[in-house]
Amino acid sequence: MHIPDGFLTTGVSIAAWAASAGGLGYALRRVNKTLGERQVPLMGVTAAFIFAAQMLNFTVIGGTSGHLLGGALAAILLGPWAGTLVLTSVLTVQALLFQDGGLLALGANVFNMALVGVLVGWAVYTLLTRLLGSRAWALFAGGFLAGWLSVELAALAAAAELALSGALAWQVVVPTMGGIHALIGVGEGVITVAVLAFLRVVRPDLLTLGRAAQSSEESVP
Amino acid sequence: MNRLRRNWWVAGLLLALAVAVLSPLASPHPDGLERVAEDQGFIDRAQDPPFRVIADYLFPGIQDERLATILAGLLGTVIVFALVFGLSWLIRRRRSRSHDRPVPPSDPGLHADS
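Quick note, the sequences are listed as chains L and S, same order. Counting in the numbering used here, the final residue of the first sequence is number 269, and the numbers go up one at a time with none missing. Counting in the numbering used here, the final residue of the second sequence is number 888, and the numbers go up one at a time with none missing.
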């Protein structure tokens with residue numbers, strides 16, 4: 049759902065840039081306080097995997113495809129603020145080197161995928177694993193719903209930007225964007241769970257780093 | 775196996791590169807946003823980018839489209855890894871430096887947004 053230049057008005061694009069810059073500044077301050085030694089390579093690997101996986105579009109329905117966004121996955125593995133930095137880096141490289149997503153629209157794409165996508169994924173996963181505990185099926189249910197809802201709300205954020213730009217009426221863009229991404233979100237949920245299940249077998253310790261980063265911060269006086 | 779456990783991130787990077795090699799298998803269909811833009815008739819509003827480096831994930835100058843896609847994917851994966859590893863390494867280094875010094879109790883950095 050990388051928005052190209054031209055879909056959004058300059059005003060909406062600049063407003064999204066401002067919101068993203070604010071969110072990124074906040075994310076940097078938080079990461080500055082919590083980043084652990086072992087998170088450095090994990091951030092690099094997570095970013096590399098998300099970039100590669102975003103190239104692998106999968107067909108959903110009616111000649112339409114989707115691909116992993118990775119916002120929920122990054123949030124679960126790294127915590128919300130390091131996850132935001134990872135997604136922002138991926139989106140920036142895609143816009144600058146691969147002409148995937150516009151330059152003026154980069155602020156909106158960061159807002160939708162690196163902020164909304166990551167933070168929604170984190171909130172859903174945290175809520176569900178707190179309610180259900182840390183049994184395997186609870187991690188997987190949390191991962192699936194976090195992935196699905198992160199894509200759905202990122203798509204609705206994009207829909208709102210399109211409506212505010214006058215590209216489409218609200219009553220058209222919300223159901224069309226929301227509808228197709230409800231299907232794409234299933235793929236996101238499945239891939240997110242697959243990666244969590246794989247890591248749970250090979251490196252279960254990596255699954256607790258994200259939460260550890262967040263709780264070490266909460267314990268700071 | 776022990777070496778693999780210590781250097782798990784090398785294995786992780788190799789896995790990401792393996793996914794990039796699979797990129798020619800990607801569905802050629804438009805994605806969700808492109809589908810909506812086509813169906814609702816505003817796809818033509820998309821502007822051409824002001825410059826092109828590796829546009830459409832095709833490494834320039836290579837005839838074989840699958841090979842061009844794989845090369846673009848591998849290069850992008852390495853660049854993203856290096857960028858994020860470097861960025862987080864810099865953040866980490868700054869952080870451990872400031873931790874070496876005793877932090878005065880009134881340090882605003884600790885309370886800025888807690």
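Honestly, the hints are just simulated from the structure, not real lab data. Every value quoted in this text rests on a predicted model; they were computed, and no experiment measured them. Glycine residues also receive a C-beta, built at the ideal position from the N, C-alpha and C atoms. Check before you lean on any hint, since a few could be wrong.
To be verified - Have a look at the derived ranges for each label pair, beta carbon to beta carbon: (1) L:V220 - S:S870: 48 to 54 Å; (2) S:N781 - L:L231: 21 to 27 Å; (3) S:A820 - L:G73: 25 to 31 Å; (4) S:V852 - L:A67: 29 to 35 Å; (5) L:G111 - S:A829: 21 to 27 Å; (6) S:P824 - L:G214: 22 to 28 Å; (7) L:L231 - S:S870: 41 to 47 Å; (8) L:A260 - S:A785: 35 to 41 Å; (9) S:Q821 - L:A69: 40 to 46 Å; (10) S:L789 - L:R183: 23 to 29 Å; (11) L:R183 - S:R869: 32 to 38 Å.
Stated by the list, open to error - Away from chain S, derived, C-beta distances all over 10 Å, residues of chain L: (12) G54; (13) V79; (14) V164; (15) A186; (16) V238; (17) L254.
Against the structure, the hints come out as follows:
1. Between V220 (chain L) and S870 (chain S) the C-beta distance comes to about 52 Å, which sits within the given range of 48 to 54 Å.
2. Checked against the hint of 21 to 27 Å, the pair N781 (chain S) and L231 (chain L) fails, with Cβ atoms roughly 38 Å apart.
3. Checked against the given bound of 25 to 31 Å, the beta carbons of A820 (chain S) and G73 (chain L), roughly 30 Å apart, stay inside it.
4. Hint check: V852 (chain S) to A67 (chain L), Cβ distance near 31 Å, so the stated range 29 to 35 Å holds.
5. For G111 (chain L) and A829 (chain S), the hinted distance range of 21 to 27 Å is satisfied, since their beta carbons lie about 23 Å from each other.
6. Distance hint for P824 (chain S) and G214 (chain L): a CB-CB separation of about 23 Å, consistent with the stated range 22 to 28 Å.
7. Between L231 (chain L) and S870 (chain S), the C-beta spacing of about 45 Å keeps the proposed range 41 to 47 Å intact.
8. At about 21 Å, the CB distance of A260 (chain L) to A785 (chain S) disagrees with the hint of 35 to 41 Å.
9. The hinted range of 40 to 46 Å is not satisfied by Q821 (chain S) and A69 (chain L), whose Cβ atoms lie roughly 23 Å apart.
10. The hinted window of 23 to 29 Å between L789 (chain S) and R183 (chain L) holds, with their beta carbons roughly 26 Å apart.
11. Checked against the given bound of 32 to 38 Å, the beta carbons of R183 (chain L) and R869 (chain S), roughly 34 Å apart, stay inside it.
12. The Cβ of G54 (chain L) sits about 4 Å from the closest Cβ of chain S, inside the 10 Å cut-off, so the non-interface label is violated.
13. Listed as outside the interface, V79 (chain L) is inconsistent with that label: its C-beta sits roughly 6 Å from the nearest C-beta of chain S, within the 10 Å cut-off.
14. For V164 (chain L), the condition that its CB be more than 10 Å from all CB atoms of chain S holds, with the nearest at approximately 15 Å.
15. Every CB of chain S is more than 10 Å from the CB of A186 (chain L) (nearest about 25 Å), matching its label as outside the interface.
16. The Cβ of V238 (chain L) sits about 15 Å from the closest Cβ of chain S, beyond the 10 Å cut-off, so the non-interface label holds.
17. The claim that L254 (chain L) is not at the interface with chain S is violated, since a C-beta of that chain comes within 10 Å of its own (minimum 8 Å).
Going through the hint list in order, the structure does not satisfy hints 2, 8, 9, 12, 13 and 17.
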